[in-house]
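*Asks:* Chains as they are written, first to last, in the working numbering: chain E, 1 to 315; chain G, 1 to 439.
It is possible that part of the hints are untrue.
Listed below are the simulated EDC-like cross-link pairs for lysine to aspartate or glutamate, each with C-alpha atoms no more than 16 Å apart in a straight line [said to hold, decoys possible]:
(1) E:Lys70 / G:Asp68
(2) E:Lys275 / G:Glu436
(3) G:Lys415 / E:Glu280
(4) G:Lys182 / G:Glu249
(5) G:Lys415 / E:Glu68
(6) G:Lys225 / G:Glu246
(7) G:Lys438 / E:Glu68
If the Cβ cut is set under 10 Å, some of the chain E residues that face chain G in the computed set are [what the hints assert, rightly or not]:
(8) Asn63
(9) Arg64
(10) Asn66
(11) Asp85
(12) Trp87
(13) Pro150
(14) Pro167
(15) Phe170
(16) Leu173
(17) Ser175
(18) Ala214
(19) Arg218
(20) Thr259
(21) Gly260
(22) Glu268
(23) Glu277
The following label-pair restraints were derived from C-beta to C-beta distances [as the list claims (entries may be wrong)]:
(24) G:Glu59 / E:Val296: 57 to 67 Å
(25) G:Ala50 / E:Asp253: 56 to 66 Å
(26) E:Phe33 / G:Glu59: 38 to 48 Å
(27) G:Pro297 / E:Phe143: 57 to 67 Å
(28) E:Phe143 / G:Ile192: 53 to 63 Å
(29) G:Thr196 / E:Ser303: 54 to 64 Å
(30) G:Gly77 / E:Gly82: 27 to 37 Å
These are calculated hints, taken from the structure and not from any lab test.
The beta carbon of each residue, even a glycine, is placed where N, CA and C say it ideally should be.
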Amino acid sequence: MSEKTIDRLASATPVRVARKVKGLSDRAIAWIFVGPTIFLLLAINIFPLLWTINLSFTNFKANRLNREVKYIGLRNYERILGDADVWLSMQATAHFLFWTLFFQVLIGFTLAWLINKKFRGNDLWTTIIVLPMMLSPAVVGNFWTFLYQPQIGLFNYIMTFFTGADPSSFDMLGSVDLAPWAIVIVDTWMWTPFVMLICLAGLRSIPDYIYEAAEIDRASKLRQFFTITVPMVLPFLMLAILFRGIENFKMFDLVVQLTGGGPGSITEMASINLKREAFEKWRTGYSSAFAIILFVTVFGLASVYVKALNKVKER
Amino acid sequence: MKHLKIASVGALSLAAATLSTGSQAEDLTLCWAAWDPANALVELSKDFEAESGHSMNFEFVPWPNFADRMLNELNSGGKLCDLLIGDSQWIGGGAENGHYVKLNDFFDKEGISMDDFAPATVYAYSTWPKGSPNYYALPAMGDANGWFYRKDWFGRDDIKAAYKEATGEELGEPKSQKELLKIAQFFQGREIDGNTVYGAAIFTERGSEGITMGATSALYPWGFKYENTPGKYDMEGAVNSPEAVEALEFYKELYKTATPPGYTNSYMGESLDAFKSGQVAMAMNWFAFFPGLYADPDTGGDKIDFFVNPPQNQAGSTLGGQGISVVSYSENKDASLEYIKWFSDPEVQAKWWSMGGYSAHNSVLNDASFKDSAPFAGDFLTAMEAVQDFWQEPAYAELLLAMQKRVHDYVVADKGTAKEALDLLIEDWTEVFEDEGKL
Chain E
1 MSEKTIDRLA SATPVRVARK VKGLSDRAIA WIFVGPTIFL LLAINIFPLL
51 WTINLSFTNF KANRLNREVK YIGLRNYERI LGDADVWLSM QATAHFLFWT
101 LFFQVLIGFT LAWLINKKFR GNDLWTTIIV LPMMLSPAVV GNFWTFLYQP
151 QIGLFNYIMT FFTGADPSSF DMLGSVDLAP WAIVIVDTWM WTPFVMLICL
201 AGLRSIPDYI YEAAEIDRAS KLRQFFTITV PMVLPFLMLA ILFRGIENFK
251 MFDLVVQLTG GGPGSITEMA SINLKREAFE KWRTGYSSAF AIILFVTVFG
301 LASVYVKALN KVKER
Chain G
1 MKHLKIASVG ALSLAAATLS TGSQAEDLTL CWAAWDPANA LVELSKDFEA
51 ESGHSMNFEF VPWPNFADRM LNELNSGGKL CDLLIGDSQW IGGGAENGHY
101 VKLNDFFDKE GISMDDFAPA TVYAYSTWPK GSPNYYALPA MGDANGWFYR
151 KDWFGRDDIK AAYKEATGEE LGEPKSQKEL LKIAQFFQGR EIDGNTVYGA
201 AIFTERGSEG ITMGATSALY PWGFKYENTP GKYDMEGAVN SPEAVEALEF
251 YKELYKTATP PGYTNSYMGE SLDAFKSGQV AMAMNWFAFF PGLYADPDTG
301 GDKIDFFVNP PQNQAGSTLG GQGISVVSYS ENKDASLEYI KWFSDPEVQA
351 KWWSMGGYSA HNSVLNDASF KDSAPFAGDF LTAMEAVQDF WQEPAYAELL
401 LAMQKRVHDY VVADKGTAKE ALDLLIEDWT EVFEDEGKL
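Given the sequences, and given the hints that come with them, work out the whole structure.
*Replies:* Okay, here's the thing in structure tokens:
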């Protein structure tokens, strides 16, 4: 910007405004910029959190506003922690979380490693692979329900091809043994591309000269993989695990669409249980306590994980 | 003088406008579930629009989301619905939480008598506390869970002979729950016209109310009771009685041995689909769907017939149906009450039945021609004589979700025994009633 332009802009600023701005310190200007954000953060994050903590000690029900609200101390927390069904829902969440992360990391990294090789149609394959994650979870849930249908579902027919079993002899969504795996398969199908993309970014960030130096040192391909590729991609991979872990801990839509938490309560994740308590049974106090327990769990695990991630990055 | 004239004209205009406000045309919104009878009500309401000058809008929500959507609307004091045809179980919450307008004064003023409606429907859809003369709804749609079957298959000589050979009995409409199971098992996996068919489509849905409505269709005929003494919430020995245990075991056997594969989360829509696609010999569903089923070009007409939920130790059908209420947050209460008055008229009720809605008005039900007016009309009357409903307490949603969980856990997910499921259900319900201060 030329000197003249600056002068022109300065002279165009109304005197009143110029005088006001002139009187503000850097700190005040900083507050003006940061203030609205802090206000919004307090209003839509911190205040609801404090309010939820407050409600968690009461018997409040949001659908019974004319009922007397009583403070009941830690009773909600005692009930939740002593409720076998809550622990079962946590178990269902842990099963889902562990196996989806395991498969997504394994397949995602493998796909990224393959895609990173230069070959014809590379871009086309990348586009095809990332398609599932562009779909809405509701749509994915719906069409996988059809794929899993015992009488007409494609999935059962493909399984029949490999196992020889009658397609209608097993029900992926209706069997207690298979339903937890059915939701793992769908989530893995949908979100592995996300892990793949992050891993791909990691792989492409490794400079070629490191491999060239390793070649000169006569390091084998396997050694290069474990001493260069894996350590350098690890921070990216850990970031992908963090994102997917948080997402899957609060998984709701896909599972509701597929199984509704059933059969029985075998796929009723903590988030589904919480939604039922909060917005179907309207046990607001109880569900607030449940939400706080989940929040502390995720926050605690994420903090430990982020520390580990930072250590990996520092290496 | 000129100013005085202008002022007088202005004052008169204002007065005229104020006086006409009472009969001003309003935009009314009626909320209900999205299903066949709702479409009939849209047609019927055109008469109301023509007579009153008010215009009607409709908000219909699919059944699986109906309770969630509407109860959220009521709990948040929403003004979306002026009139609500809400489920019978909502009446306690609607009354105690102030969502519904109490209609006693209005009924007295307009000469609407609850004696003109079938007692079972008044009890179930209108009163709170139960059975007291406090009315929060007008019975709008009588309903119960019933059965329909492939009359053409039941009438075939080869199938009849095969049934006779297999069971030693004649194939016909089941006269008991156990006979129903026997027939369903007979059809399970049978080849008919080159297709594999199955016994029965029943309710197993987990998310809303499905499996509870299905299982109670077995529990009530076995003599299931919610309490030993009505109003005392003493459930031990009633909810988990030997009869209740046997009924629940029966429902599980029906599910395990006589339903199509993958039938683990099925409700009204799935039952209709299974029947219309020729998959099942019998299906349970609400009477509300029967006019549509009878009219179906592929599986209706001569191919279908209907029967009441069979008795076992006693007659018993699960109550469906709804009353129509005025939402207390509505800004058009007067026009909404006008609608209720119009709807209660015997002529409108007769037309309502003729269009596919189940009137609960005595003038319709007691009419000599009613039983022959549709192939399922007689069954409907029989069913309504022995209907039983779920808890209608303000905490009904908690009570319902607990039963959904316990019954689905046992019937579909093979968790524990029937006795254990019912014992756990008592624990859940006791906790709810303790929270409510009723125990």
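*Asks:* Next, verify each hint and record whether it holds.
*Replies:* Going through the hints against the structure:
1. E:Lys70 / G:Asp68: 26 Å, violated
2. E:Lys275 / G:Glu436: Distance ~21 Å between Lys275 (chain E) and Glu436 (chain G) Cα, so the pair is violated.
3. G:Lys415 / E:Glu280: 23 Å, violated
4. G:Lys182 / G:Glu249: This hinted pair holds, its Cα atoms lying about 15 Å apart.
5. G:Lys415 / E:Glu68: 38 Å, violated
6. G:Lys225 / G:Glu246: Given that 16 Å is the threshold and the Cα spacing comes to 13 Å, the pair holds.
7. G:Lys438 / E:Glu68: 14 Å, holds
8. Asn63: Status holds, d = 4 Å.
9. Arg64: 6 Å, holds
10. Asn66: 7 Å, holds
11. Asp85: Holds, because the Cβ-Cβ distance from Asp85 (chain E) to chain G comes to roughly 8 Å (cut-off 10 Å).
12. Trp87: 15 Å, violated
13. Pro150: At about 4 Å, which falls below the 10 Å cut-off, the nearest Cβ of chain G leaves the hint on Pro150 (chain E) intact, so it holds.
14. Pro167: At 9 Å from the nearest chain G Cβ, Pro167 (chain E) passes the 10 Å test, so the hint holds.
15. Phe170: With a closest approach of 9 Å, the Phe170 (chain E) hint holds.
16. Leu173: Holds: closest Cβ of chain G sits about 7 Å from Leu173 (chain E), inside 10 Å.
17. Ser175: 8 Å, holds
18. Ala214: 54 Å, violated
19. Arg218: 58 Å, violated
20. Thr259: 7 Å, holds
21. Gly260: 4 Å, holds
22. Glu268: Holds. Min distance 8 Å.
23. Glu277: 9 Å, holds
24. G:Glu59 / E:Val296: 57 to 67 Å: The hinted range 57 to 67 Å is violated for Glu59 (chain G) and Val296 (chain E), with Cβ atoms some 40 Å apart.
25. G:Ala50 / E:Asp253: 56 to 66 Å: Hint violated: Cβ distance 44 Å, outside 56 to 66 Å.
26. E:Phe33 / G:Glu59: 38 to 48 Å: Since the Cβ atoms of Phe33 (chain E) and Glu59 (chain G) sit about 45 Å apart, the hinted range of 38 to 48 Å holds.
27. G:Pro297 / E:Phe143: 57 to 67 Å: 29 Å, violated
28. E:Phe143 / G:Ile192: 53 to 63 Å: 30 Å, violated
29. G:Thr196 / E:Ser303: 54 to 64 Å: Between Thr196 (chain G) and Ser303 (chain E), where Cβ atoms are some 56 Å apart, the hint holds.
30. G:Gly77 / E:Gly82: 27 to 37 Å: 35 Å, holds
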